[in-house]
Amino acid sequence: MSKIDHSISQTDLPLNLQVLNISVNLSRLSQWVYEGYTKKVQLIDKFVDQTDNYLNDLDKQDISKDFRPTLKRVKKDFNNLKRNIGSEDKLYWAERALTWANILQHRAKLA
Amino acid sequence: MSTVILRDKKASPLELEKMSYEYGSYIKVVVDVEKGILAGGGAMHYDEEQLLLEYGCRQENLWGGGIDFTTGEVDYNSMINVRPREGNDSRDILSNDTRKKFKKIVEDLLL
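Chains as they are written, first to last, in the numbering used here: chain D, 1 to 111; chain W, 1 to 111.
In short, the hints are calculated from the structure, not lab data.
Using N, Cα and C, we set each Cβ at its ideal position, and we do this for glycine too.
Hints are supplied without guarantee of correctness; some may be wrong.
To be clear about the criterion: a stretch of chain W counts as covered by chain D if any three or more of its residues have a C-beta under 8 Å from a C-beta of chain D, and this derived list gives those stretches [unchecked claim]: (1) 6–18; (2) 23–31; (3) 73–82; (4) 103–110.
Between the sequences and the hints, there should be enough to build the whole structure, so can you do that?
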């Protein structure tokens, strides 16, 4: 049986852990973007892509109806964040990402 | 603006609805743990902090976090909490005493 590369996909993990991993990524991205996008471009882009994959994968799985509205909202906001990642208002970007990290940490158990 | 400042009185249903505009059932808050004043509902802790400073609060008494009405959990995580000179070098509120005061004010005014 082939092992899943968790740097790309984490669909073999329990749903709550998948959500917590997304939360951790958002928290990391918050810190790095706040410190300056140009300082860590490759790392940030890598984790943005990974987070995007994680979110899209989650959307295809059998998550609870209690969690689905949260997933819909975080995906929408994350798409906006992706588009504005190099913007000058890094504090806004960082706060937004950190807020979603906190929300997902609270709601992982609902997934 | 969806930020509401609360002091002494629990939030009304209308105020809670206003504060829910940004993130639905998650509300970001900044609390003056000495005066028992709360600013909540904004998109950014930074803006809520500025409001309370203009309101006459002192920065060393202001701490950020959030409350998730979906899970009933309070968190103590915010970029405004990083204050190494005051012994808090984390985005989390590290002092147990401050966390207790923070939680009590949030619950008294919002739950």
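Against the structure, the hints come out as follows:
| no. | hint | in the structure |
| --- | --- | --- |
| 1 | 6–18 | violated (count 0) |
| 2 | 23–31 | holds (count 4) |
| 3 | 73–82 | holds (count 5) |
| 4 | 103–110 | violated (count 0) |
Violation of the numbered hints given earlier is confined to hints 1, 4; the remaining hints are satisfied by the structure.
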